[in-house]
Amino acid sequence: MEERVLMKGNEALAEGAIRAGCRAFFGYPITPSSELAEYMARTMPKIGGVFVQAESELAAINMVYGGASTGARVMTASSGPGLSLKQEGISFIAEGELPCLIVNLSRGGPGLGGIQPSQADYFQATRGGGHGDYRTLVLAPSGVQEMMDLAMEGYDLADRYRTPVLIMAEGTLGQMMEPIILREPVTQFVDKPWATTGCAGRKPNIVNTLHLDPDYLEKRNRHLDAKYKEIKAKEQRAETFMMEDADLVVMAFGIIARIAKRSVMEARKQGIKVGLIRPITLWPFPEKVVAEAAQKVRRFLSIEVSMGQMVEDIRLAVNGMVPVDFYGRIGITPNPEELTREIMRIAEREGY
Amino acid sequence: MKVVAKRPESLTDARFHYCPGCTHGIVHRILAECLDELNLREKAIGICPVGCSVLAYDYFNFDTLEAAHGRAPAIATAIKRLLPDRCLVTYQGDGDLASIGMGEIIHASLRAENITVIFINNAIYGMTGGQMAPTTLLGQVTTTSPYGRTVEANGYPAKMAELLAQSEGAAYVCRTAVNTPANVTRTKKALKKAIQMQMKGLGFTMVEVLSTCPTNWGMSPVEAMKWVGDHMIPYYPLGEFKVKEEG
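Line by line, the protein sequences give chains A and B.
So the first sequence is numbered by our numbering: it starts at 1 and just counts up by one.
So the second sequence is numbered by our numbering: it starts at 1 and just counts up by one.
Heads up, some of the hints might be wrong.
What the hints assert, rightly or not - Ranges between beta-carbon positions, derived for each pair:
id, chain 1, residue 1, chain 2, residue 2, range
1, B, Gly201, A, Glu218, 52 to 60 angstroms
2, A, Glu38, B, Ala153, 20 to 28 angstroms
3, A, Pro193, B, Val3, 31 to 39 angstroms
4, A, Gln295, B, Thr144, 56 to 64 angstroms
5, A, Arg202, B, Glu240, 33 to 41 angstroms
6, A, Ala41, B, Asn39, 34 to 42 angstroms
7, B, His17, A, Gln295, 51 to 59 angstroms
8, A, Pro193, B, Phe16, 36 to 44 angstroms
9, A, Pro45, B, His17, 42 to 50 angstroms
10, A, Tyr216, B, Tyr156, 53 to 61 angstroms
11, B, Glu37, A, Glu178, 58 to 66 angstroms
For the record, the hints were derived by calculation from the structure and aren't laboratory data.
Computed from a predicted model, the values in this text were never measured in an experiment.
Cβ atoms here follow ideal geometry from the backbone N, Cα and C, with glycine treated the same way.
Kindly produce the complete structure, drawing on both the sequences and the hints.
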């Protein structure tokens, strides 16, 4: 029986993770992600799980490394500066092929930046973020319901591909409340014969990322690359809206996509043929959907709360077929009127 | 034929890569013997450091993880919390534990994590080629203290056993050496005690082992063993600094 409740985004994400079997949370307080840790601190003791407030982001991500190595579903959450500190550990986790869930309730940078919502960690999230050749699967929810749903799905993807999965959501999504359906997970638990749990009845397992032999190091990188190619082939996700006859395609992710959707509807009322593509996976970027659209439409517009990051992926996917415009704010979430004005300005300029 | 000595089951048959006179091999064997004798090999999970013993996972015949530099106590914390009946041992050098991992070791001890830490103190960075460690003695010449360590430039050498003994969460903190047969025996006794206390859930346990680095000290193996006794032990006294009583 599915129950409908009013929930805050951070808590919905935490609850989704727990429903998917998360049994350990390791975190360090930082605004605007702290409610997630607080929810875990309240809940884990009641369900026999583990909650540790780590001494640092470095310790927290290394606890995730250790926890994931046991085969348990584990998690950490932070915001921009904290994610920067975690990057060394995420690189180790990617090469150690340890499934886990990492959450970035993203805020404005660089430096301490601010605590307002931002999407400026897009490059950090989608390019690996730390040292070496690796990627993390990146999911971008656009509402509180998806905060829960993608946490659940994130664990399945992490286990299936033995890879860290990052949920990147603007701080707004963690802080706002919406009515959601408490879903039961369709959890796909998999065997983890690689886990370091003590070698009773088997040969010792080793979780290691050191490969001094250059041939073997290359082999490991090729192995990871093959996995990332498979993820790119199978896991690209995007929502499309009013795309059938569109001249102009707006692209936005997260909460910004919901705001942009309203602007798309408003512009449609004013006779502009405009559609929307919302990436749900930021990595892999939904390049197939974008490349297909590029053959039919006349122009793209990337709307981001950054100085222009996803726009580069759009241009790569569009590959010169049509122009790609950009509209960005930072630290300030644009409202629908503002985005409608931008759409109308382009439509007028281009004569759509 | 009677077997009088054999390789412990907790060691693989891989040949150690360590330099002549390096004491890592001795400490590896001591750990392996302790786990064998306590029947813990199949419950043991070892966390290997970044440093000369980075390849320890090739030598230990039980589950191991390779940690990022200094982070072994955080990794061990998570595993022990999720699998409380396992035996968690971190193996860390002085750069790993006392420099880049100072935060992790202090907080693991304060949280009274039920883990056992083997701290190899040889007063120098070995793998990277002989740089100054937080435990390098005053006056000691290294590649990054080429005129000898001074208080003015580099501060004082870290006495980790004394420091961690102050932690309320520490159940057992001991400093030993492996420069003489008698000290090797004492080191084994201390490590066994630490592991037994971990398995009883008494809290954080650490054995600091004064060790050698003949290659980077620029000494013969015999000179290096003598240097431990002549220079390290006077600054780093041996003994038990904290022994928590049961119950």
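Each hint, compared with the structure:
1. B:Gly201 - A:Glu218: 52 to 60 angstroms: violated, 45 angstroms
2. A:Glu38 - B:Ala153: 20 to 28 angstroms: About 45 angstroms separates the Cβ atoms of glutamate 38 of chain A and alanine 153 of chain B, which means 20 to 28 angstroms is violated.
3. A:Pro193 - B:Val3: 31 to 39 angstroms: For proline 193 of chain A and valine 3 of chain B the Cβ distance comes to about 34 angstroms; the hint holds.
4. A:Gln295 - B:Thr144: 56 to 64 angstroms: The hinted range 56 to 64 angstroms holds for glutamine 295 of chain A and threonine 144 of chain B, with Cβ atoms some 60 angstroms apart.
5. A:Arg202 - B:Glu240: 33 to 41 angstroms: At 37 angstroms between Cβs, range holds.
6. A:Ala41 - B:Asn39: 34 to 42 angstroms: holds, 37 angstroms
7. B:His17 - A:Gln295: 51 to 59 angstroms: The hinted range 51 to 59 angstroms holds for histidine 17 of chain B and glutamine 295 of chain A, with Cβ atoms some 58 angstroms apart.
8. A:Pro193 - B:Phe16: 36 to 44 angstroms: 29 angstroms Cβ-Cβ, so the 36 to 44 angstroms window is violated.
9. A:Pro45 - B:His17: 42 to 50 angstroms: holds, 45 angstroms
10. A:Tyr216 - B:Tyr156: 53 to 61 angstroms: The hint (53 to 61 angstroms, Cβ to Cβ) is violated, given that tyrosine 216 of chain A and tyrosine 156 of chain B are roughly 42 angstroms apart.
11. B:Glu37 - A:Glu178: 58 to 66 angstroms: For glutamate 178 of chain A against glutamate 37 of chain B, whose Cβ atoms are near 59 angstroms apart, the range 58 to 66 angstroms holds.
In the structure shown, a violation is registered for the earlier hints numbered 1, 2, 8 and 10, in ascending order.
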